[in-house]
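Build the full structure now, drawing on both the sequences and the hints.
There are 2 protein chains.
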Amino acid sequence: MTVEIISIGDELLIGQTVNTNSSWIGKELSNIGARILKTISIADQKQEILESLKEIKNYTDCVIITGGLGPTKDDITKHTLCEFFNTSLELHEPTLKKIKDFFALRNRPMLESNHLQAELPKTCQILENNYGTAAGMWFDKDSTIFISLPGVPYEMKGIMSEVVIPKLKAQFALQSMFYKTAMTQGIGESFLAEKIKDWEDKIYDSGYSLAYLPSPGIVKLRITSPFGKKDELEIDKLFKELEIQIPRYFFGYDSDTLASVIGEKLKCKSLTIGTVESCTSGKLASTITEVPGASNYYMGSLLTYSNELKHKLANVSKDVIRKHGAVSEKVAIEMAQGGRNVLGVDICISTTGIAGPDGGSKEKPVGLVWIAIATPEKTTSHRLQFSQHRGRNINMTSLSALNLLRIALNE
Amino acid sequence: MTVEIISIGDELLIGQTVNTNSSWIGKELSNIGARILKTISIADQKQEILESLKEIKNYTDCVIITGGLGPTKDDITKHTLCEFFNTSLELHEPTLKKIKDFFALRNRPMLESNHLQAELPKTCQILENNYGTAAGMWFDKDSTIFISLPGVPYEMKGIMSEVVIPKLKAQFALQSMFYKTAMTQGIGESFLAEKIKDWEDKIYDSGYSLAYLPSPGIVKLRITSPFGKKDELEIDKLFKELEIQIPRYFFGYDSDTLASVIGEKLKCKSLTIGTVESCTSGKLASTITEVPGASNYYMGSLLTYSNELKHKLANVSKDVIRKHGAVSEKVAIEMAQGGRNVLGVDICISTTGIAGPDGGSKEKPVGLVWIAIATPEKTTSHRLQFSQHRGRNINMTSLSALNLLRIALNE
Chain P
11 MTVEIISIGD ELLIGQTVNT NSSWIGKELS NIGARILKTI SIADQKQEIL ESLKEIKNYT
71 DCVIITGGLG PTKDDITKHT LCEFFNTSLE LHEPTLKKIK DFFALRNRPM LESNHLQAEL
131 PKTCQILENN YGTAAGMWFD KDSTIFISLP GVPYEMKGIM SEVVIPKLKA QFALQSMFYK
191 TAMTQGIGES FLAEKIKDWE DKIYDSGYSL AYLPSPGIVK LRITSPFGKK DELEIDKLFK
251 ELEIQIPRYF FGYDSDTLAS VIGEKLKCKS LTIGTVESCT SGKLASTITE VPGASNYYMG
311 SLLTYSNELK HKLANVSKDV IRKHGAVSEK VAIEMAQGGR NVLGVDICIS TTGIAGPDGG
371 SKEKPVGLVW IAIATPEKTT SHRLQFSQHR GRNINMTSLS ALNLLRIALN E
Chain Z
11 MTVEIISIGD ELLIGQTVNT NSSWIGKELS NIGARILKTI SIADQKQEIL ESLKEIKNYT
71 DCVIITGGLG PTKDDITKHT LCEFFNTSLE LHEPTLKKIK DFFALRNRPM LESNHLQAEL
131 PKTCQILENN YGTAAGMWFD KDSTIFISLP GVPYEMKGIM SEVVIPKLKA QFALQSMFYK
191 TAMTQGIGES FLAEKIKDWE DKIYDSGYSL AYLPSPGIVK LRITSPFGKK DELEIDKLFK
251 ELEIQIPRYF FGYDSDTLAS VIGEKLKCKS LTIGTVESCT SGKLASTITE VPGASNYYMG
311 SLLTYSNELK HKLANVSKDV IRKHGAVSEK VAIEMAQGGR NVLGVDICIS TTGIAGPDGG
371 SKEKPVGLVW IAIATPEKTT SHRLQFSQHR GRNINMTSLS ALNLLRIALN E
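Sequence order for the protein chains is P and Z.
Those letters in the first sequence? Residues 11 to 421, per this note's numbering, in order.
Those letters in the second sequence? Residues 11 to 421, per this note's numbering, in order.
A few of these clues could be false.
Identical copies look the same in the list; a pair holds intra-copy or inter-copy alike.
Claimed, not checked - Derived BS3-like pairs: lysine-lysine, alpha-carbon spacing no greater than 25 Å straight-line:
hint, residue 1, residue 2
1, Lys108, Lys372
2, Lys56, Lys37
3, Lys212, Lys56
4, Lys67, Lys56
5, Lys56, Lys88
6, Lys277, Lys250
7, Lys110, Lys374
8, Lys277, Lys322
9, Lys167, Lys230
10, Lys205, Lys108
11, Lys110, Lys372
The hints are simulated quantities; they were obtained by calculation from the structure and are not laboratory data.
Here it is as structure tokens:
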């Protein structure tokens, strides 16, 4: 089943609203084995809508249209569909009853404009909306299905889940694609590709495909199988090989985050953790505590932004700060060790760096960061060099610190 | 200037990534007076890309293409563009130098695949990328400009802001709309609309339009004038009236954040600040330190997640915790006052709450939060009730704490 998704709404074009509808529909339909050919967003204008409908290729099995079904003047999808399918509106009694009930339940008066929402094209099948007043519509034309849905996300999702997806599944013999994604941290896309190129060849030899999905600090590796879930074991085996090849970078699958993976390990080993942060100033701790139940292992932190507080709270020696500067290996080590004692935790991570945009020098440029990890056995320190961008430096430092901790916990 | 945006990437079609690039581009180009005709997302496939390029109408002045410029095998945009524009690749020395510098700065070896990123189409103008290794490309064909940019958002944004937008502005006589946006915190969209409805009528009477742009905790109010920048003073006057009407909620304009507004006030008054956080665990401090130069007024924080650390670090009385519970007005007050002393700051904000999803009770449901602010003059406390969602509760608590501090600083 091939699908094209058309989203109607000026707010999408001017960037006032991010189009989450088409990604949600794309995900749901991919999951049942559809192939999404294209998604487009266009303005609330009759000519634009008509033109997009005319451009649909005859090899497209299904077109999902969202938006423009509301009760206000700028909602013109229904009328435009009538023109395209050469039909007219008529009152649909079951929908009128639904709309009346909708307002009665909420104790609100029904307006003329809502009454008009029960007038629907003669030649379509009506798709019941249990979440709002705009019904969905299903048209068959030649060999293509056209489905029109409201743009309000939870109404669209309701009709998709309850009506559209079951109907499509019944009509098409779908062969599901299967996806699995591995998560890596600490290696750029091109280095990763270089490192795993033999493994990548194997993926293609098996008839699967591989995608690199980079975001700051993280590269996801997604294998897609056109043969469906039956190949899950085979794909798991391939990923196991990857895990062994890149243990410093690989940290999990699909919805895993560094913080969730570390949380599991800490719980497993009954270890507690805390942080002493300078340049990240809370970003590291807040990332750790994004995970529900973090209070089982995370105790607290010292955010020692000023040199004075590095000394006062974490017992970093004033002499060491004077001699080596706040951004130095020695200070990072003393912060982690001091924090471990003061916070009374098993493991303490420290960060100190120059986040920028100012404060850099030739010896210590913006983006220079020291991270230390103090465990009951030892303290390790790590020098990293990031970019000029403050927000990115802070984020990259947090991710790197978490990955270094993950590696330490595996040892 | 009419624009079409093409996003390339399977991950967009299968819903793995939400397409924030096209909304960002749509917003930026609308702001300079462009009209976005259409945005489309297509697969990383040569035929799809070629077909979309061929379908571009001759009345489209500018096509922005994002994605597929990475160093890995699935990145095929550059080769496809060569085919479409009937040209070939050649080594671009300045880009090669930039890529070399990029890796040298990071102390990392450069790979063959990165070297290949310096091979660029002969017939295009190269758009410098200061944030990564994939240069942008600018092609002129007949009366349409085709611009190809990397899909990594901060690289794309960098090239757009630094190169593309200035070039487009120079080339097209754009009739700018004028936009100005007021920022509010702490009031929902519909309550705000009810409160300011007379003011809103004035906006429309003046020939402007008003948009409510809600995101969690923040509602932006954007006035759009079709008459361009010459109406700026008139719009400023209208916004001044709004400021007086909603002083508890209004906090700034356009790119102002709560953290930047507070930073300015603290610098002005030569006051220092710190935080003692439980439920937000670093989110508040990291929001404050997102602002460059925060070290002028922000000293540090105690993240006292465990009860023990609330006592040990911030001197909260064990009895008070036992009697009232960690999430209570008394504990919030003692955290703020204790933190003020320990951190040696003028002002200290504390947060304690039940972020969820677990840990709630009938008396203290998930989403209950206490915030206290200790200043040299007094300590105030504030009870807030948020939702069931952990991430949202943490975020809303940080925003609310900052807005309460802003109000306190204005007194």
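Checked hints:
For the identical chains of this complex, Lys108 and Lys372 are inter-copy neighbours only, at 19 Å across copies versus 60 Å inside a copy, given an alpha-carbon limit of 25 Å. For the homomeric pair Lys56 and Lys37, the shortest alpha-carbon distance between copies (22 Å) is at most 25 Å, but the shortest distance inside one copy (28 Å) is not. Proximity of Lys212 to Lys56 under the C-alpha cut-off of 25 Å is restricted to the inter-copy arrangement: shortest distance 23 Å between copies versus 49 Å within a copy. In the homo-oligomer, the alpha carbons of Lys67 and Lys56 lie at most 25 Å apart both inside one protomer (20 Å) and across protomers (17 Å), since each shortest distance falls under that limit.
For the homomeric pair Lys56 and Lys88, the shortest alpha-carbon distance inside one copy (10 Å) is at most 25 Å, but the shortest distance between copies (35 Å) is not. Proximity of Lys277 to Lys250 under the C-alpha cut-off of 25 Å is restricted to the intra-copy arrangement: shortest distance 24 Å within a copy versus 54 Å between copies. In the homo-oligomer, the alpha carbons of Lys110 and Lys374 lie at most 25 Å apart only across protomers (21 Å), although the nearest pairing inside one protomer, at 57 Å, exceeds that limit. Taking the shortest alpha-carbon separations for Lys277 and Lys322, only the inter-copy value of 24 Å comes in at or below 25 Å, while the best intra-copy value is 31 Å.
When the C-alpha separation of Lys167 and Lys230 is checked against a cutoff of 25 Å, the pair qualifies both within a copy, at 22 Å, and between copies, at 21 Å. For the homomeric pair Lys205 and Lys108, the shortest alpha-carbon distance between copies (23 Å) is at most 25 Å, but the shortest distance inside one copy (54 Å) is not. Taking identical chains as interchangeable, the C-alpha atoms of Lys110 and Lys372 lie at most 25 Å apart only when they sit on different chains, with a minimum of 19 Å there against 61 Å within one chain.
Hint compliance for this structure: every hint is met.
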